[in-house]
Structure formats: C-alpha cells, structure tokens
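S.K.: Okay, here's what each chain looks like letter by letter:
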Amino acid sequence: MTLPLHGTAAFSRGVATTKPSYVVRLRSLPVPAAISASEFVLVRSKEDLQEAARSPSRGVMIVSDEGLEHLPEAAHCTKLISVPAKFSYFSDGDVIGLHPQSGRFRTLYRRASPYNSILVTDRCNHYCLMCSQPPKDVDDRWLLDEIRRALPLIAKDTRSLCFTGGETLTDWREFLDVLADARDELPETAIHVLSNGRAFARDEVVTAWAALGHPNLMAGIPVYAAVDHVHDYVVQARGAFDETILGILKLKDKAQRVEIRVVLHALTAPRIVETCKWLARNLPFVDHVALMGLENTGFAIANANELWIDPIDYRVGLAEGVSILAAARVNVSVYNLQRCVLDRSVWPYSVQSISDWKNGYVEECNRCIEKSQCSGFFTSGRSRQSRGIVPILAS
Amino acid sequence: MARFESADAFHSAEDALQLLPFRFERTGQSYLVSNIVGDFVRLSGDELNRLVDLRINPGDALYDKAYAAHLITRASQTAQRQLLALRLRSRMAFLREPTLLHIFVVTLRCEHSCPYCQVSRQSTDRSKFDMSEETARQALDVAFQSPSKRIKIEFQGGEPLLNFPLIAHIVSAAKARAAAVGKVVDFVIASNLALLDDTVLAFCKANDVLLSTSLDGPADLHNKNRPRPGGNSHELATRGIRRAQEVLGPARIGALMTTTEASLDRLEEIVDEYLRLDLDGIFIRPLSPYGFAVKTKAIRKYDSRGWLNFYARGLRYVLEINRSGRHFPEFYAALILKRMLADRPPGYVDLRSPAGIGLGALVYNYDGKVFASDEGRMLAEMGDRTFELGSVTESYRALVCSDKLIDLVGSSLTQCAPECVDCAYEAHCGADPVYHHATQADPVGIKPISEFCARQKGVMNLLLQILETSPADAAILRRWGGM
Numbered sequence: 001m002t003l004p005l006h007g008t009a010a011f012s013r014g015v016a017t018t019k020p021s022y023v024v025r026l027r028s029l030p031v032p033a034a035i036s037a038s039e040f041v042l043v044r045s046k047e048d049l050q051e052a053a054r055s056p057s058r059g060v061m062i063v064s065d066e067g068l069e070h071l072p073e074a075a076h077c078t079k080l081i082s083v084p085a086k087f088s089y090f091s092d093g094d095v096i097g098l099h100p101q102s103g104r105f106r107t108l109y110r111r112a113s114p115y116n117s118i119l120v121t122d123r124c125n126h127y128c129l130m131c132s133q134p135p136k137d138v139d140d141r142w143l144l145d146e147i148r149r150a151l152p153l154i155a156k157d158t159r160s161l162c163f164t165g166g167e168t169l170t171d172w173r174e175f176l177d178v179l180a181d182a183r184d185e186l187p188e189t190a191i192h193v194l195s196n197g198r199a200f201a202r203d204e205v206v207t208a209w210a211a212l213g214h215p216n217l218m219a220g221i222p223v224y225a226a227v228d229h230v231h232d233y234v235v236q237a238r239g240a241f242d243e244t245i246l247g248i249l250k251l252k253d254k255a256q257r258v259e260i261r262v263v264l265h266a267l268t269a270p271r272i273v274e275t276c277k278w279l280a281r282n283l284p285f286v287d288h289v290a291l292m293g294l295e296n297t298g299f300a301i302a303n304a305n306e307l308w309i310d311p312i313d314y315r316v317g318l319a320e321g322v323s324i325l326a327a328a329r330v331n332v333s334v335y336n337l338q339r340c341v342l343d344r345s346v347w348p349y350s351v352q353s354i355s356d357w358k359n360g361y362v363e364e365c366n367r368c369i370e371k372s373q374c375s376g377f378f379t380s381g382r383s384r385q386s387r388g389i390v391p392i393l394a395s
Numbered sequence: 001m002a003r004f005e006s007a008d009a010f011h012s013a014e015d016a017l018q019l020l021p022f023r024f025e026r027t028g029q030s031y032l033v034s035n036i037v038g039d040f041v042r043l044s045g046d047e048l049n050r051l052v053d054l055r056i057n058p059g060d061a062l063y064d065k066a067y068a069a070h071l072i073t074r075a076s077q078t079a080q081r082q083l084l085a086l087r088l089r090s091r092m093a094f095l096r097e098p099t100l101l102h103i104f105v106v107t108l109r110c111e112h113s114c115p116y117c118q119v120s121r122q123s124t125d126r127s128k129f130d131m132s133e134e135t136a137r138q139a140l141d142v143a144f145q146s147p148s149k150r151i152k153i154e155f156q157g158g159e160p161l162l163n164f165p166l167i168a169h170i171v172s173a174a175k176a177r178a179a180a181v182g183k184v185v186d187f188v189i190a191s192n193l194a195l196l197d198d199t200v201l202a203f204c205k206a207n208d209v210l211l212s213t214s215l216d217g218p219a220d221l222h223n224k225n226r227p228r229p230g231g232n233s234h235e236l237a238t239r240g241i242r243r244a245q246e247v248l249g250p251a252r253i254g255a256l257m258t259t260t261e262a263s264l265d266r267l268e269e270i271v272d273e274y275l276r277l278d279l280d281g282i283f284i285r286p287l288s289p290y291g292f293a294v295k296t297k298a299i300r301k302y303d304s305r306g307w308l309n310f311y312a313r314g315l316r317y318v319l320e321i322n323r324s325g326r327h328f329p330e331f332y333a334a335l336i337l338k339r340m341l342a343d344r345p346p347g348y349v350d351l352r353s354p355a356g357i358g359l360g361a362l363v364y365n366y367d368g369k370v371f372a373s374d375e376g377r378m379l380a381e382m383g384d385r386t387f388e389l390g391s392v393t394e395s396y397r398a399l400v401c402s403d404k405l406i407d408l409v410g411s412s413l414t415q416c417a418p419e420c421v422d423c424a425y426e427a428h429c430g431a432d433p434v435y436h437h438a439t440q441a442d443p444v445g446i447k448p449i450s451e452f453c454a455r456q457k458g459v460m461n462l463l464l465q466i467l468e469t470s471p472a473d474a475a476i477l478r479r480w481g482g483m
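Which chain is which? The protein sequence lines are A and B, in order.
The numbering used here puts the first residue of the first sequence at 1, with every later residue one more than the last.
The numbering used here puts the first residue of the second sequence at 1, with every later residue one more than the last.
If we strip away everything but chain A, and leave its shape as in the complex, we get (with noise of 0.2 Å):
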C-alpha cells in the first residue's frame, strides 16, 4: 500500500491567505471545545458534517468522493476545503499545508506515522544517479516558510522528524531557521536532517549548525564510496567526495551527530567491503551507518541498467562489510532489505526501516515466520523482486 502524501482539492473556501499557503491541523469529530483559528474539523460523511455545521465558524475539512461540500449544510461553514476520498488515512493531530489559488496540498506531518519526512526544497547540487526525489530547478523556498508556520501544529510528543530535500542546505540560513523553530516548539523531538554533506566543509555552515545547540541533531550523509571518482559519479558531481567527507570531520569536530548513508546498487554494492573497511578506519566516531537498499523509483528506474543488482548477489559482502564496521564499534543498521536476502549474521543490524506509507509484503511473506521482524519492500516506484526472495519457515 502507497499513501498519497500530496494531491489537489476538489474545493476550497474561506482559506485565503497571503503566506504562500495555508496550514491547517486536523481534529475529529466531536468538535473539541478549545479549537483554534488553524484547525481543521474532519468530516468523512453527511452526519459527520451536519455535527460539524453546528459551529459554523470552525474550519470544515471533507474527505469524501461524494460532493459534501455542495450540500445545504456545508453553506454555513465559511471556512471549508474538500479532498478526495483517497486520503481518508487524515486523522487527528495530522498537518496539511495547502495552495488556495491552486487547490494543491501536501501532507506535512501524520501524527499516527512514526515516519514523517518532511520535503525542505526540491533544489540539489548533486544529481543522483539513484535519486527518488529528483531535484528541480525551482523557487521553492516558500516551503520553509510553510514548515515554519507548520511546526506550532505539530504534536509535542513526537519522537522523530526528518526533513529532506533536494539539498536540505541549498539555502542554508533560512533552514538553520526552521531547526531553530524546531528546537524551540518540539524540544523532546529528534530531528533527522538528510544532507549531501557538502555545505558542512564551509567553516560558517558548520559553526551556525552547531551554535543551533539542539539537543537531538543528525544530519544523514551519504559517502558511496572510499575512492573519489567513485562517490562522484554516483552523486553526478565533481568534487563531491572531497566537501562531503571534509563536511563530516568538521561535524564531528564541533561534536555534531552524524549518520552515514550507503546507498547499495551495482555502483556501491560490489564494492561495500572495501567501503566498510574505509569506514571503519577513517570515520569510525560517526554515531550511525545505515547501509540500505536500493529503493527502485526516481531516477534509479531510468539508470537501471547500471544499478539494478540482485541483493542476493552482495549478501556475503555486506556480511562482511557489517561484521568489520561491528568489530569496529561503529553503530551500523541495515535498512530497506528483507530478511531472506540477508546472512543471519545480519539480522541483528537489520532494521524495519521504510516508512509506513509506503511498506508492503509480498505473498510468500504470509508462510514466513520472519514477516514481522522484516523491513518489506517498497511499494513506491517499480519494486523489483530479488530471486533470494523466499519464506524462512523455520528458525
């Protein structure tokens, strides 16, 4: 199962604003008695919005296929947006950010998910060969603005958040901004930053991150290589591997956290021993490496002919690779893998590490008893299936 995070709205009223978008908070019915001006009632039928139009000043979001909003009783809500029924996953506590003039919005936070992930810019100095977010030449920067108005709506017992781009510092000020907002209105919240790294080899970029003195910082980088010309082809930049790798030293010298990210694909994959073994040699006071694999969207379905490798094949040196890091100490994960393309030895690293909106199973998973220990597959873009795929009946 896929959950649409962005989509248009099939009405709006009462929802102009001169921000470049306006954000709301949705709460279910019953209509809590201390509602404020940015939250939102959400109605899923007639009934629920007859309760609803008896405070008629409330805000009115409709999630429905059935045209609520040209009812008599949606006339008495002067404040109303309608979206199809496809998002009826909308519950208590989620945060929506909307275009009036446009209709469209998107999801910024889901209070149920363990697993929000919230789009900073679409901007990027690299170009990823493998890329599921492909970077856009745009002016996006009202998407700061918007997560800032965001943020005071976001639940104060949320665990995690991260934000990701694009390049999260491509304007790197007004995102140091955002996290110092973040600091401020969710102080018990862990934050994941992914970034290219890059900005962190500028003395200013990296003091400014560390004076935020947040509490709870990562920033996720990727390296997909030990070797220059290698990191620097997959990011599709010349000079990458160089800033990226200098940017982590300087975090880690101003004692900034830092997760290190491998991408495994036929570029990263053959070659993750001799990665690992780079890693634990050179970088091994980085505070996590996530070793994942490949989600096949974006970018990474055009360039398939290059990065497609069947997890199968890279099983025993990922063992390898995870046992060197392991006897270095380093704190390593596996993510996006299933168990049954794993070395046992690896089981312990590997982590249900895709995000719930887009996680599935496919049917041999039903006999196998590792099902609820496995991270799935990715139900996004074209999921391409390992031939190691196969239920584990017994331990």
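Hints are not guaranteed to be accurate.
With a Cα cut of at most 25 Å, we get these calculated PhoX-like pairs of lysine-lysine [what the hints assert, rightly or not]:
1. B:K149 / B:K175
2. A:K252 / B:K149
3. B:K369 / A:K254
4. A:K252 / B:K338
5. B:K369 / B:K152
6. A:K156 / A:K252
7. A:K358 / A:K371
8. B:K149 / B:K457
9. B:K175 / B:K338
Hints listed in this document are in silico derivations from the structure and should not be mistaken for laboratory results.
Starting from the structure of chain A, add chain B where the hints point.
M.R.: For chain B alone, coordinates are given in the frame of chain A:
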C-alpha cells in the same frame, strides 16, 4: 531531465595527482606498503613502480586501492590529508597525558627465588630493602605533579605484600591528594599472591585495587620457574586467583606469564591453565633481557625466531578457542591490533615513539631513586645507571625534563631513527631505548640485529597474514582490535 554524465567524466584528469607519504617493504613476491598511519596494502613490483610514477588512472584497480589507502590525493583535495592528520592526532594522543603510570617499589624482598627474576632479594632485613614512609610521601609528591588527570599507581617488588602496611598508607594518602586536586587514581598490586589473605582482599575491595599476578602454566612448570620454600607457588597463586575472583570480581584480577625455555613445548597446556582459571585472556610474552635473566644466560636459550614460532603456535591455539565461541584474547595481538585497526594510542609504554620511558612511566625505587622504567631499575641493580633520572626529592619537571631523559627519548624516535624511518611497520611499533641499550649499549640500536625489531615485525606480519587469508580468524582479530 538533464542527461547523466558517464563514469569517465569524473576522472578529473585536470586536477593533478600527488603521492602522499608511504613506506614499503619487500615480502616475497609482493611489497607491503603502508601509509603514515599504518594502513597496509600489498602491491606487486610493477604496481609499486606505477604508483611511484603516478601511472595510474581512476577506474583501474590500482588507483582505487591507492586512493582508499591514502597513498595518493588530488592536488586540490583536502579530505585525504585531513583524515590522515586526524588519525595521526588520535594515535599520538598518549602525549596529552604524560606519565600515567607510577610504579612504587615498596620492597625488594621476596619469598620466591625465581631464576629469571630481575631484582628480588632474599632478606629479612626490613630496613635495608623496604621503602620508607618518607620516601613514599616524596614519591607521591612527584607522581601528583604529573599533568595527567588520571594516574595509575602500581605496587611492585620484590613481593609488595611483604610491605603491605606501606601500600595501605600510600593508597589512603593518594586518595586524599587526588580528591583535593581533582584527579583520579587507579591502583594495581603486582603480587605472586602467596601472601594474599582476607585482610588484603578486603582492602582491595574497599579501595578498588586491581591485582596482577604471575602464572607461568601448569603446576610443575610454574613451580619450576618460580621456586619458593615449600615448592607450592602454583598452589598459592591459583588459590589467590580464585579468591580474588570471588571477592573482587572476575575482571579485577589478571595474570601474566613469563616465557622460559621450558615453556616452549607446553604452550597449549599453559593456555589451558589460563582457561581453567577463568582468566579473561593471555599475554604471550617474550623473556626480557634484564636482571638475573641475563646473568643466568636464560635469554640466550631462545632467539627471536624461536620465540616467534612459539608465539604463532600460541596465537593459533588461542584463535581456535575463540572460534569455538569463547571470547579469550591474546593481549599482545590485541595491543597491536588496536593501533592497526582502530588508531588507538598504545597503552603499553614499550610500544611508543616518543618512548614511554619517563613520559609514560616513572619508577620510584625502595631507596628513593627514580627510574625512567621498570627495566631501567633492573639494569641499575646490575650496575648500569643509564636510566636513573634522580631522586624522589626532585620535582617531576626536573626528572622528566632532565637532559638525560630528553637525550634518550630524542635520540630513539622511530619517526627518524635509522631503519625505522623507512620501516613499513613503524606506525604500529615503538622505540625501546632500554632494550637496545641493554642489548647493544645504544638507545637507538642497530635494528637489523635487534631481536625487538624482529619480534615486532614478525608479530605484525603474522597478524596481517591472518587478517588477509583467514576470514574467520580475521573476524576474531578485528573484535580484539575493537575491544
């Protein structure tokens, strides 16, 4: 969608390739090449020549190997050099904590009469061979002047428990001083455990004192090496180990073996004895060329090759034990692996450069003389005062910054000593001016005839071979390196 560029487009031919410093040694058909922090790669003669001439290109295997091993960089890049600098800094971090170890020789008296012993005396004359309270106080003055935030006080002898009241006195005085100046002090008693009783154990427990003892193997071997009246050294030592494990906890008692000619054929039995006693590993040590060991010519009975064979056999046996699931490290290998695989600064004072004499350890002799190392005081017992730095009446600074010590340390640096400067293993080795002085009357030493050198290179070569050719054992060695 913009077009993707091909792999060749990232080979940056316009940015000049440069060599970074490296060392190499011929090993059979290939060359062992190491960068300045001691990452090793093996290259053929042709590859080494191509590397030196920079006839290498991205995409060929040699470029990738050389780049990952920091043998080359692009002129405009900085990360390669920064990584080396950072790792070098971590490897040399021991320099930030000068003189961690302070050895107090509280008595020279001993009830054992081991033929290999360097220094002990059979005597009942306390006044002659025991340290006085006044000397101990002055020695603490010196120890607490060392800049390290954390120091370790080790009690040695002779048999230090023969002067237990002084140990108790020093521990309580050191704790009071540490609390006053915000330092941490760890304590170790190096004892044969023959005199270990409930009073001593209770004292160790109350004061977090570690015990370190000698265990040479099974009873007959141990008792032969370590004679005492009654011939029951082994019985007393093993009983002491068990009692200490019970009272203090299994991690609070360690044992060291001394290798003698009689040990050579019985290594497996020795290891089994350590296993039987639930000790947490074994240190397969060479025999030191000091003290009575030289006088009795015990040292001549086996050379470095003999010892290396012995060591290799022992290591294989220990690895076998680990393969069966029991974590039981060989500590000499672990020591070297921690540097080879994890850039950890050496805790062992003999494997450092600058040398650990004085900078790593000071020895306060029973008579108030201060030595730069434990072996240095053993040489003095034989009439050679080269490593005698002065007396406990002097300041730490006067002792450690003495011309004598500076000359000895400065002249023996492996970073610039003949042979060492070009040695592929230098990054993981150390200067041992005491050994080279004792064996060659020269703190630098002529390395091709140095048994120390042969031993170090031999052990590292052995470890490299296992890491390269035996995956199951390599995984065990890596775990030791990460301990």
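S.K.: Against this structure, judge whether each hint is valid.
M.R.: The hints, checked one at a time:
With a C-alpha separation of about 13 Å, the suggested pairing of K149 (chain B) with K175 (chain B) holds against the 25 Å cut-off. With a C-alpha separation of about 24 Å, the suggested pairing of K252 (chain A) with K149 (chain B) holds against the 25 Å cut-off. Under the criterion of a C-alpha separation no larger than 25 Å, the hint pairing K369 (chain B) with K254 (chain A) is inconsistent with the structure, at around 45 Å. Proposed proximity of K252 (chain A) and K338 (chain B) is supported: the alpha carbons are some 21 Å apart, at most 25 Å.
With a C-alpha separation of about 19 Å, the suggested pair K369 (chain B) and K152 (chain B) falls inside the 25 Å cut-off, and the hint holds. Pair hint K156 (chain A) plus K252 (chain A) does not hold up; C-alpha atoms about 29 Å apart against a cutoff of 25 Å. A C-alpha spacing of about 16 Å is found between K358 (chain A) and K371 (chain A), which places the hinted pair at or below 25 Å, so the restraint holds. A distance of roughly 34 Å separates the Cα atoms of K149 (chain B) and K457 (chain B); the hinted pair therefore is violated under the 25 Å criterion.
Between K175 (chain B) and K338 (chain B) the CA atoms are separated by roughly 31 Å; this puts the pair beyond 25 Å, and the hint is violated.
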